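Student: Residue numbering for the sequence shown follows my numbering, starting at 1 and increasing by one per position.
It is worth saying that the hints were derived from the structure and are not from the lab. All figures in this text were calculated on a predicted structure; none of them were measured in a lab. Watch out, some of these pointers could steer you wrong.
To be verified - Simulated DEER-style distance windows between Cβ atoms:
1. 130 with 177: 41 to 51 Å
2. 133 with 71: 24 to 34 Å
3. 67 with 198: 50 to 60 Å
4. 109 with 25: 27 to 37 Å
5. 106 with 130: 56 to 66 Å
6. 96 with 122: 50 to 60 Å
7. 81 with 102: 30 to 40 Å
8. 85 with 65: 33 to 43 Å
9. 49 with 116: 29 to 39 Å
10. 49 with 177: 36 to 46 Å
11. 96 with 34: 39 to 49 Å
12. 121 with 65: 20 to 30 Å
We put the CB at the ideal spot given by N, CA and C, even for glycine.
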Amino acid sequence: MRGIATIDRQPGSNTIAIWVTSASEGQPRHVNAVVIDTATDTDAVENVRSLTRCCSVLVTKGTDLDGLPIQGAPLDESDIAGLVTETETQQEVIAAAVAEHKRRTRSSSLKAPSFPTTPNPADHVPVEDTASGRAFAAANYLAAAWTAWLQTDEERRRRTTRPQTGETPWIMPEHMNSPQLARFPESFAARVHEQPLV
Numbered sequence: 001m002r003g004i005a006t007i008d009r010q011p012g013s014n015t016i017a018i019w020v021t022s023a024s025e026g027q028p029r030h031v032n033a034v035v036i037d038t039a040t041d042t043d044a045v046e047n048v049r050s051l052t053r054c055c056s057v058l059v060t061k062g063t064d065l066d067g068l069p070i071q072g073a074p075l076d077e078s079d080i081a082g083l084v085t086e087t088e089t090q091q092e093v094i095a096a097a098v099a100e101h102k103r104r105t106r107s108s109s110l111k112a113p114s115f116p117t118t119p120n121p122a123d124h125v126p127v128e129d130t131a132s133g134r135a136f137a138a139a140n141y142l143a144a145a146w147t148a149w150l151q152t153d154e155e156r157r158r159r160t161t162r163p164q165t166g167e168t169p170w171i172m173p174e175h176m177n178s179p180q181l182a183r184f185p186e187s188f189a190a191r192v193h194e195q196p197l198v
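Use the sequences and the hints to build the structure in full.
Tutor: Below you can see the structure in the form of structure tokens.
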């Protein structure tokens with residue numbers, strides 16, 4: 001998957017705004033942003049297809065995808081809220097595993113996990129009520145939530161193998177001991193539908 005394309009197109013509007021957010025090296029970043037005017041751009045539908053190919057799609061509130069080449073159910077802002085909730089749950093589970101390991105081993109040097117601040121949707125409201133403003137705000141909320149997840153899962157991942165000995169599992173229980181960073185939590189990942197290449 002190339003990333004997540006945030007789309008805003010309100011009913012009756014000729015304007016489509018698309019922000020593409022991708023995570024490389026564990027850090028989500030906006031990698032492309034385009035505003036398409038369907039009244040003047042004869043290739044509008046093909047441009048939407050090109051921008052969303054190999055991406056999942058996130059829609060802003062009120063967005064109408066009728067006539068656009070989007071397959072499957074898109075994500076919406078409630079899915080981002082779900083990502084935030086899953087991240088908070090993961091933080092609690094990681095903290096509990098660390099506390100249990102500390103209790104069991106009586107370790108006094110074990111560092112507590114350092115979790116990011118929980119993204120607040122109120123911090124990601126559109127500055128202007130335009131297609132690009134709405135898409136940008138939603139894409140920023142997505143990037144903040146995705147960053148929080150990746151930073152949280154990094155706290156889990158770095159506690160899977162004892163650095164000095166390579167012993168694994170170490171602090172994390174067996175079911176949380178994957179040495180790989182999870183791109184998304186399971187429930188959110190199940191909602192992510194990648195658009196086809198062509």
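Student: Hints first: check each against the structure and report whether it holds.
Tutor: Status of the hints after comparison with the structure:
1. 130 with 177: 41 to 51 Å: 46 Å, holds
2. 133 with 71: 24 to 34 Å: Once the Cβ atoms are compared, 27 Å apart, the range 24 to 34 Å for residue 71 and residue 133 holds.
3. 67 with 198: 50 to 60 Å: 18 Å, violated
4. 109 with 25: 27 to 37 Å: Since residue 109 and residue 25 have Cβ atoms about 29 Å apart, the given range 27 to 37 Å holds.
5. 106 with 130: 56 to 66 Å: Holds, at about 58 Å.
6. 96 with 122: 50 to 60 Å: 29 Å, violated
7. 81 with 102: 30 to 40 Å: With a Cβ separation near 32 Å, residue 81 and residue 102 satisfy 30 to 40 Å, so the hint holds.
8. 85 with 65: 33 to 43 Å: 25 Å, violated
9. 49 with 116: 29 to 39 Å: At 34 Å between Cβs, range holds.
10. 49 with 177: 36 to 46 Å: 40 Å, holds
11. 96 with 34: 39 to 49 Å: Holds, since residue 96 and residue 34 (Cβ atoms, about 44 Å apart) stay within the stated range.
12. 121 with 65: 20 to 30 Å: 22 Å, holds
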